[in-house]
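Participant: Throw the hints in and build the complete structure from the sequences for me.
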Amino acid sequence: MTQRTRTLLLLAPAGTWFLVMLVLPLTVVLVFSFGERAPAGGVVPAFTFEQYANLPARWAAFRNTLTLAPAGTLAALLIAYPLAYFLAVKVSPRWKTVLLVLVIVPFWTSILIRSYAWIFLLGGRGIPSLLDWIGIEGVRLINTPFSVLVGIIYGYLPLMVFPIFVSLDRLDKRLLEAASDLGAPPWRTFVQVTLPLSIPGIATGCMLVFILLMGEYLIPALLGGGKVFFVGNALVDLFLQSRNWAYGSAVAVTLVVVMLITVTIYMWFINRLGASRDDVSIM
Amino acid sequence: MTKDHISKQKFMAELYRYKRGSITRRHFLNVTGLGAATAVMGAALPGLRPRPAFAAEDIGDRVVLATWPNYHDPANFEAFTELTGANVQVNVFGSNEEMLAKLQAGGSGWDVFVPTNYTITTYVGEDLIEPLDLAKLPNYDAGSFDPRFADAGTVDGKLYAVPKNWGTTGFVVNTSQTGGRNLTSWKDFWDITKAEFSGRTMVHDYQLTTIGNALKYFGYSFNSVDEKELADAEKLLIEVKPHLFAISSDYQPSLRNGDAWMSMAWTGDGKQLNTDMPEMVYVLGVEGGEIWSDYYAVPKSAPRRDAGYALINFLTNPEVNAREVLAHGYPTADARTNALLPESLLNDPILYPAQELLNALEFGAAVTLTDPNRAELMARFKSA
Numbered sequence: 001m002t003q004r005t006r007t008l009l010l011l012a013p014a015g016t017w018f019l020v021m022l023v024l025p026l027t028v029v030l031v032f033s034f035g036e037r038a039p040a041g042g043v044v045p046a047f048t049f050e051q052y053a054n055l056p057a058r059w060a061a062f063r064n065t066l067t068l069a070p071a072g073t074l075a076a077l078l079i080a081y082p083l084a085y086f087l088a089v090k091v092s093p094r095w096k097t098v099l100l101v102l103v104i105v106p107f108w109t110s111i112l113i114r115s116y117a118w119i120f121l122l123g124g125r126g127i128p129s130l131l132d133w134i135g136i137e138g139v140r141l142i143n144t145p146f147s148v149l150v151g152i153i154y155g156y157l158p159l160m161v162f163p164i165f166v167s168l169d170r171l172d173k174r175l176l177e178a179a180s181d182l183g184a185p186p187w188r189t190f191v192q193v194t195l196p197l198s199i200p201g202i203a204t205g206c207m208l209v210f211i212l213l214m215g216e217y218l219i220p221a222l223l224g225g226g227k228v229f230f231v232g233n234a235l236v237d238l239f240l241q242s243r244n245w246a247y248g249s250a251v252a253v254t255l256v257v258v259m260l261i262t263v264t265i266y267m268w269f270i271n272r273l274g275a276s277r278d279d280v281s282i283m
Numbered sequence: 001m002t003k004d005h006i007s008k009q010k011f012m013a014e015l016y017r018y019k020r021g022s023i024t025r026r027h028f029l030n031v032t033g034l035g036a037a038t039a040v041m042g043a044a045l046p047g048l049r050p051r052p053a054f055a056a057e058d059i060g061d062r063v064v065l066a067t068w069p070n071y072h073d074p075a076n077f078e079a080f081t082e083l084t085g086a087n088v089q090v091n092v093f094g095s096n097e098e099m100l101a102k103l104q105a106g107g108s109g110w111d112v113f114v115p116t117n118y119t120i121t122t123y124v125g126e127d128l129i130e131p132l133d134l135a136k137l138p139n140y141d142a143g144s145f146d147p148r149f150a151d152a153g154t155v156d157g158k159l160y161a162v163p164k165n166w167g168t169t170g171f172v173v174n175t176s177q178t179g180g181r182n183l184t185s186w187k188d189f190w191d192i193t194k195a196e197f198s199g200r201t202m203v204h205d206y207q208l209t210t211i212g213n214a215l216k217y218f219g220y221s222f223n224s225v226d227e228k229e230l231a232d233a234e235k236l237l238i239e240v241k242p243h244l245f246a247i248s249s250d251y252q253p254s255l256r257n258g259d260a261w262m263s264m265a266w267t268g269d270g271k272q273l274n275t276d277m278p279e280m281v282y283v284l285g286v287e288g289g290e291i292w293s294d295y296y297a298v299p300k301s302a303p304r305r306d307a308g309y310a311l312i313n314f315l316t317n318p319e320v321n322a323r324e325v326l327a328h329g330y331p332t333a334d335a336r337t338n339a340l341l342p343e344s345l346l347n348d349p350i351l352y353p354a355q356e357l358l359n360a361l362e363f364g365a366a367v368t369l370t371d372p373n374r375a376e377l378m379a380r381f382k383s384a
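As you go down the protein sequences, you meet chains U and Y in turn. The first sequence maps to residues 1 to 283 in the working numbering. The second sequence maps to residues 1 to 384 in the working numbering.
Treat the hints with care, since some could be wrong.
[What the hints assert, rightly or not] Listed next, the in silico EDC-like pairs over lysine to aspartate or glutamate satisfying Cα-Cα at most 16 Å (straight line):
id	chain 1	residue 1	chain 2	residue 2
1	Y	Lys241	Y	Asp191
2	U	Lys227	Y	Glu239
3	U	Lys90	U	Asp172
4	U	Lys227	Y	Asp250
Think of the hints as simulated: they come from the structure by calculation, not from any bench.
Facilitator: Below, the structure written as structure tokens:
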């Protein structure tokens with residue numbers, strides 16, 4: 001067996017998988033997006049740009065996705081970083097494992113069930129009634145962009161904690177001592193040593209959360225009351241309610257393109273950040 | 001599970017009691033927790049499934065039903081399982097469009113589903129449902145049904161669907177929040193939503209009723225597909241949207257916990273809410289709105305056809321059906337079932353509204369299901 005055959009053989013399972021589960025479906029979606037809605041719903045083949053011309057009708061869904069996905073990513077980062085730092089640097093090894101497991105525990109229950117729990121927490125008899133009790137009246141949380149954001153942060157926090165934790169955990173503690181020996185106050189050590197060294201973790205975590213958020217459907221559907229609409233929700237509606245597969249495909253293709261552009265810009269930015277520092281290898 | 005722990009000694013003692021026959025099998029399974037364990041394993045191991053006490057024929061171990069929220073008596077499903085050995089899996093939907101989309105996409109896995117009157121011609125036209133084999137439905141008696149609520153099941157002289165329940169689409173309002181005002185019309189519904197009820201109103205996630213009742217604000221037909229009239233309805237909906245609590249066809253939880261004060265509602269939800277909370281009042285708009293009739297039908301793609309027929313046959317049994325009506329509060333057009341129901345229910349103004357209110361109502365029209373403008377209007381309203 002030559003080196004070449006061995007490589008091909010090893011790549012075959014993943015290659016087949018990508019072909020059948022990714023390339024073929026995406027091609028179908030692309031073909032559909034140039035079609036027209038059949039009279040009773042579905043799609044009839046055609047070659048028209050009509051569906052793409054109609055995209056502005058879903059502007060609100062794209063706007064919601066493109067504001068709440070970055071906002072959710074940023075909020076998750078701000079909350080996850082101190083937690084990851086605490087777990088990686090401050091906690092004694094004895095407790096580290098236990099606390100890490102606690103971060104994963106929510107994954108043992110389906111996100112659907114956990115989001116349902118938030119419906120009750122954010123509903124009139126949950127947190128608002130507690131606030132009412134201490135004198136803050138008339139707060140309404142459920143079915144607002146805020147409740148969707150809460151659900152997003154809750155659901156995606158572990159995905160942000162882990163990459164950052166790993167990058168901080170591997171951090172060479174002697175560098176911190178060195179910084180201190182050379183007279184750097186703690187904040188300066190953090191800004192000039194710890195933070196740059198954890199950028200790979202931040203970059204991975206943000207990318208992971210952001211990409212998943214762009215396709216989010218469940219959390220807005222449950223905690224947004226059908227009013228806070230993501231592109232994912234618009235897609236479900238187009239395929240399952242108005243049965244306009246052609247238009248739905250066009251929206252899906254557009255979402256993929258928007259995502260590719262955003263991620264490319266992000267990667268370019270991160271790489272530039274890496275290139276400007278010769279002491280850190282980023283990705 | 002409530003009984004997690006049972007000591008070895010206790011288990012053996014109970015086992016001996018069971019062997020001696022001094023306790024029943026049910027009691028034994030209960031105290032030892034084996035009953036719950038068996039139920040869990042039963043799904044995976046065919047040999048452990050409860051066997052029917054008597055079964056005319058083996059219809060398999062399950063049947064899948066696609067239906068609407070709060071529309072059955074769970075005890076009836078348990079009785080069906082007891083009788084036939086088949087578990088009833090229920091899929092709940094909020095709109096006929098969603099049901100149609102699932103069947104069109106294929107692989108729904110349903111054996112029985114519950115379409116509304118105006119959709120049946122489309123299902124026949126799309127070749128998605130089959131003419132019913134009446135030999136398998138001995139409990140169905142066409143003569144005992146009020147034809148107004150049974151006619152839509154027959155297309156081109158063939159019977160495709162048998163009537164389940166009929167009802168109306170109005171709205172439920174929590175009268176403790178209206179400050180003594182009496183809401184009587186769809187105009188009141190939309191106007192108060194923009195004012196005192198801002199953030200407290202729910203509309204269905206369903207184009208027929210949400211668009212239809214917005215059309216009623218202007219006095220147009222519930223079924224209109226006229227472009228100008230739809231444009232007016234869309235303007236109203238977009239204007240009202242920021243004032244809505246939610247867009248959802250499952251409105252009971254939010255009404256019950258007080259988050260929402262008013263919602264578009266179907267008869268049975270109105271009845272269920274009013275029974276538990278008398279301040280919840282069911283209103284039919286004076287301008288009109290929808291009267292409808294739901295049916296049982298079997299998809300052509302049904303994987304367990306026999307089980308599907310067995311379930312329809314079971315549910316059309318007048319005694320079973322009477323228990324259904326008592327549980328869900330939707331009227332039936334079956335005279336045999338009505339003969340078994342208490343007088344109070346048959347005179348209930350929620351189930352049987354006054355004639356002048358009924359006269360203004362319209363049955364949904366087939367064209368609304370497939371009209372691309374209505375479909376896109378609803379989708380635009382939701383994503384706005």
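Participant: Enumerate the violated hints, using their earlier numbering and listing them in ascending order.
Facilitator: none
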